[in-house]
Each structure stands twice: as C-alpha cells, then as structure tokens.
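Visitor: Could you build the full structure based on these sequences and the hints that come with them?
In order, the protein sequences belong to chains A and B.
Going by our numbering, the first sequence opens with residue 1, and the numbers climb by one from there.
Going by our numbering, the second sequence opens with residue 101, and the numbers climb by one from there.
There's no promise every hint is true.
[Stated by the list, open to error] Simulated pairs of lysine-lysine, DSS-like, Cα-Cα distance not exceeding 30 Å: (1) Lys-89(A) with Lys-9(A); (2) Lys-9(A) with Lys-532(B); (3) Lys-532(B) with Lys-58(A); (4) Lys-58(A) with Lys-89(A); (5) Lys-532(B) with Lys-499(B); (6) Lys-58(A) with Lys-9(A).
Keep in mind the hints are simulated off the structure, nothing from the lab.
These figures come from a predicted structure and were not determined experimentally.
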Amino acid sequence: MQHQTMEIKTAVRQFIAENVLLGVHQTTIEDATPLVTGGLIDSVGMFGLVAFLEARFKVEFVPREINVHSLDTLDRIDELIRKKLAAQKTDASATGQQIR
Amino acid sequence: MLSDWLRHTAAATPDARAIIEAGPGEEDRVTSFRELFEQAASLAVRFVEHGVRRQDRIALVLPKTTEAIVSVFASLMAGAIYVPIHPQWPKERIETVLADCGARLVIEGDSASPPGITDRETGGSIPWPVASSTSKDLFVEGSLPRGDAADSALILFTSGSTAQPKGVLLSHRAVSAFVRWSAREFQISSADRIACPSPLSFDLSTFDIFNMALCGATCVLVPGHSVWMPRFLVQFLREARITCWYSVPSILAGMLEDGRLAQHDYPGLRLVLFAGEVLRSHYVSQLQAALPQADCANLYGPTETNVVTWCRVPHGFDGSLPLPIGQPCSYATVTVDPASGELLAGGDSVMSGYWNRPEDTQRAFVSLDGKRYYRTGDRVSQAADGNYLFLGRLDRQVKRRGFRIELGEIETALAGCEDILEAAAVAVDDGKMGIAITAFVRPRSPDAITLVEAKAHCARTLPLYMVPDHIVFLDAVPTGSRGKIDYLALSRIAKALNHARSDHATPDHGNQDRSPAIHR
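Guide: The structure is reproduced here in structure tokens:
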C-alpha cells in the first residue's frame with residue numbers, strides 16, 4: 001500500500017506541475033497543500049484532473065464523488081483513488097465467485 | 101410581485117412538481133408547489149415575527165438547493181431583498197458583501213442539513229421550519245406586508261474595478277419584465293423541465309426559478325459538483341429529461357468538446373438558451389447539429405440590465421460568421437452612442453442602481469431624449485438587417501466562463517499582498533474555449549514569494565474564477581511613455597507565453613518555482 005500511495009501522489013504531483021501550474025517545481029506541492037481552496041486549481045482544472053485520474057488509474061468517478069473537498073489535497077486524492085481501486089478489486093472478486 | 105406568482109401557481113396546481121433535486125443517494129427529492137409555497141410562507145412569517153421589515157436585506161450564502169429557493173420566495177414574501185452569495189467565495193469577500201449590503205439575516209449552510217439563519221444585528225437565530233409545522237403559520241400569512249413592483253427584489257454582487265464587489269439592485273418590475281417576456285417568447289409551460297446550472301448569484305438564475313413560479317414549470321436543480329464536469333452534465337441533461345436549458349456558453353462548449361453532447365439523443369429537449377459571454381460560431385453550429393430538434397438562442401445583457409437583446413440561431417447556421425447579439429426584447433430600448441459605438445440599454449429590466457454607490461450609479465447612466473439608458477461598456481455595430489453585433493469592451497472588463505471580471509480587481513488583490521509591490525493583469529485568448537488571465541507581478545525581492553504562495557493569496561481574497569491562470573514574476577512592469585502600465589506589451593508577452601506553453605506541453609522538470617524574470 002505504501003508503494004501505491006507514493007505512486008499515486010507522484011503521478012498527481014507531476015500532472016499538476018506540468019499541466020496546471022506549468023513549470024512549478026514539483027516539490028513545492030506538499031501532500032497537504034490545498035489545491036482547489038488554495039487557488040492552484042479552479043473548476044475547469046478540476047475537470048482536467050478528474051479526466052487524468054480516470055485515465056491513469058483506470059477508475060471512473062460518479063458525480064457525487066467530485067467536490068472541492070475530495071480533491072483538495074494530494075492526501076485526499078490518494079485516499080479517494082485507493083478507496084476506488086480497493087472497491088474495484090472487491091467487485092472483481094465477487095464477480096469471479098459468481099462465475100465459479 | 102414575484103412571490104404572487106408562486107401563490108397563484110400553488111393554488112392552481114398544488115401537487116405539480118416545483119423543484120426536483122438529486123438526493124444524496126439515487127432518490128430524487130421532489131417538492132410540490134404546495135410544499136414550496138407553504139415552506140416559504142411559513143419562513144416569511146417567521147422573518148416578519150422576528151422583526152424583518154420591508155426592504156431589509158436577507159443574505160443567502162447557499163448552494164442552489166431546494167432550501168435556497170424556499171429562502172428566495174420567503175424573503176420576497178416578507179417584503180425583503182434577497183442577496184445571493186456564492187458559498188464558495190472566500191470568507192473575506194463574503195464578509196465584505198454582508199457588511200456592504202447591511203444584511204439583517206444570513207441564511208447559510210450546505211446541501212447536507214437544514215440551513216442556519218442568523219440575525220446579524222442581535223446574533224440570535226431563527227429555526228428552519230420543519231415541513232409539518234406549516235399549517236398554523238399559514239393562518240397568519242395575511243400578516244405579510246404588501247409590496248410594490250418598484251420595491252427591490254434582489255441584489256447581485258459583481259466584480260468591481262477596485263477591490264470591492266458592486267451590488268446591482270434589481271426591482272420586482274425588472275425581474276418580471278425579463279421573466280414574463282421569456283415565458284411568452286419561449287412558450288414555457290407546466291410541461292417544461294427547466295435546468296440552469298448557474299448559481300443564484302448569477303442573473304441567469306432568475307430564468308429557471310421565476311419561470312417555475314410563473315408558469316408552473318419544474319425547476320430541475322443541476323447537482324452542484326456536476327457543473328464543470330461536461331460528461332456528468334450531458335448525462336444529467338439526458339436522464340433528467342430536461343426540456344429547457346439555460347447556461348453560459350463555456351458550459352455548452354465543454355459539453356460539446358469533452359461531454360460528447362452530439363453522441364446522444366435528447367428527445368424532450370426543445371430549447372437551449374445561452375448568455376453571459378460569446379459562444380464561438382463553430383460551437384453554435386455544432387450545438388445546432390447536435391440538437392436538431394431544439395431551438396437555440398443567444399441572449400445578451402449585462403447583470404445591470406439582465407437580457408436586453410436576443411437572437412434565435414438561424415436554421416442551418418454554418419458558423420462562418422459570428423452570431424449576432426440580435427435585436428431588442430419587447431421591454432427593452434437600445435441605442436448606440438454614435439461617438440463611441442457603445443450600446444446603451446433602457447427599459448423595465450434595467451437595475452435601479454448600484455447598492456449604496458450613488459456616484460457609480462450616476463456614472464452608469466446617460467439620458468438621451470428624456471430616456472434613461474445604462475451604458476453597457478460594450479462596443480457594437482448594427483447590421484443591415486437590424487441585428488446588433490458585439491465587437492468588444494470599451495474598458496478592461498473580461499468574461500471568463502461567463503463570469504464577469506474586472507482585471508483591476510485582480511491587480512488590487514495581488515498588490516494587497518505585502519510581498520508584491522506591483523501587479524498588472526491581462527486576459528488573452530487561450531486558443532481553446534475561452535480566455536486565460538496572466539498576472540505580471542513585481543515582488544518585494546527576488547525570493548520574496550513563490551507562485552504557490554501568490555496563488556494562495558489570490559484564493560484568499562478572490563473567487564476561484566478570478567484567480568489568474570498564470571503568474572509571471574518580473575523585475576519591472578513595463579510602462580509606456582507616460583509612465584502608465586503598457587498593457588499592450590504585457591498582452592503580447594502573455595500571448596507568446598501561452599503559445600510557448602501549448603507548443604511544449606511537457607515543460608522542463610528542472611524549472612524552478614518562478615518563471616525567469618523577463619526584462620523589457
């Protein structure tokens with residue numbers, strides 16, 4: 001899990017640095033830096049971030065998961081993605097059992 | 101009076117659906133006209149019993165929920181003026197607006213629990229009415245004050261050229277002029293399901309909530325978090341079986357580009373209205389092709405006048421020419437200042453004035469042939485067929501995602517940071533769906549402030565849509581021969597930087613926290 005957390009945060013940090021902040025050194029975005037409420041990402045940037053997360057981690061968001069709080073920091077994004085990945089795993093094994 | 105519409109409709113069709121709001125789970129929350137009226141009347145009675153007087157201000161710091169709409173009608177029934185404030189504005193800005201309008205009551209909360217109502221004079225609170233307690237209160241509904249059409253109904257706060265937002269004061273008559281016209285022109289009926297993703301603090305929101313009350317249509321609330329997620333909006337449009345849609349063009353452009361609007365069918369959708377900024381012609385033609393059964397129309401007018409001109413998109417519009425802002429609505433009188441080409445707008449929908457700003461109000465209007473016109477600040481031309489065409493602004497106001505922004509307000513906010521000595525903001529075309537704002541700042545010393553800190557400073561004082569997309573640190577802000585900031589030069593730099601960014605989507609990872617200082 002630790003490994004996965006590093007990977008999620010690094011990928012999101014890199015995405016924000018390259019596509020949203022354009023050239024900001026990655027290390028200036030801390031795990032708890034407020035991205036949305038801190039003015040780094042606005043509503044349209046949030047849309048770009050969601051599209052990135054969906055493509056990169058092969059997850060799909062539903063409308064009620066997307067709000068200012070759930071995506072405000074790297075910590076929260078990491079938590080949300082891990083929760084979604086875990087849910088997918090459970091779904092997959094449940095489906096597997098049914099097939100058997 | 102606007103609240104009379106709800107009273108009549110609730111009497112005529114009490115069980116019809118007034119509001120549909122997506123619930124926290126899969127279940128929709130439905131409010132009938134009777135329930136809406138009873139809740140609003142009950143709340144209005146509480147306001148009056150609490151001492152709210154005619155034309156007192158009631159601030160609604162609420163997302164666009166059922167409770168927010170109940171609060172709108174309750175305020176109006178109590179003879180008060182409602183002041184919608186976006187709950188995501190920075191605290192500082194909300195406080196400024198509350199103080200400026202002298203709000204008597206503040207209603208605030210999120211969509212999860214009933215809102216809290218606080219009296220700003222006494223610090224006391226008013227409980228939110230529970231649905232079952234309404235019948236007793238209704239008995240005294242007759243005690244509510246009778247108003248006049250000239251009474252103010254709401255104040256909308258927009259970006260001001262200095263640090264302070266300006267309050268646009270709109271009367272019952274002004275709102276009524278637009279709503280009655282739109283109901284007639286677009287034949288709104290009880291069969292309609294209207295959706296308008298704009299927050300209540302936006303003049304577009306008078307369309308859905310008051311057409312609901314006037315025509316008995318259903319107001320289907322767009323889930324707040326979907327607003328800037330085009331895929332979710334397209335899904336909502338389809339699943340909620342919307343018949344009339346009204347939004348800013350940026351949202352439609354997003355739905356066309358990223359939401360794949362054209363890939364689905366929307367059998368009931370008969371009307372798509374857009375206003376607030378220019379929808380680029382190629383999107384207009386794409387929109388018409390994606391929704392062949394729907395009438396599309398461009399509505400034009402600043403917050404100060406609401407809609408004053410409009411243009412139905414002609415069938416087969418090919419997007420080779422810009423879509424006009426059209427011709428005057430029946431209640432509006434418009435003319436052009438021959439000297440400047442500025443569009444002047446008069447008629448019933450025009451604001452009473454700016455709240456508490458007599459000098460700004462005086463400057464905003466001009467008298468011609470005994471008629472009072474609002475100076476829109478928009479430069480227009482008139483085509484041979486009588487249609488007006490929007491050419492640009494006469495000042496430094498810009499529209500971004502339909503939101504109106506005074507660049508001066510961004511500069512004032514940045515200069516308010518102790519580590520920034522000087523700031524200048526420009527807006528240039530982002531080459532995609534709208535404009536990008538670049539702020540050039542001169543820091544106190546080269547290492548005084550980072551980009552992240554500068555953006556965080558903006559976010560503390562400005563709504564997110566006003567936070568600059570890019571901040572460039574300079575040793576000196578370029579000035580012209582008279583010592584004034586050379587905005588043309590800055591626009592050229594901003595364009596060049598945008599161009600460079602789109603050419604190099606993946607920047608050098610070794611970049612430091614600030615862009616290299618640019619020297620003249």
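Visitor: If a hint holds in the structure, say so; if it doesn't, say that too.
Guide: The hints, checked one at a time:
no.	hint	in the structure
1	Lys-89(A) with Lys-9(A)	20 Å, holds
2	Lys-9(A) with Lys-532(B)	28 Å, holds
3	Lys-532(B) with Lys-58(A)	26 Å, holds
4	Lys-58(A) with Lys-89(A)	12 Å, holds
5	Lys-532(B) with Lys-499(B)	15 Å, holds
6	Lys-58(A) with Lys-9(A)	16 Å, holds
In this structure, every one of the numbered hints holds.
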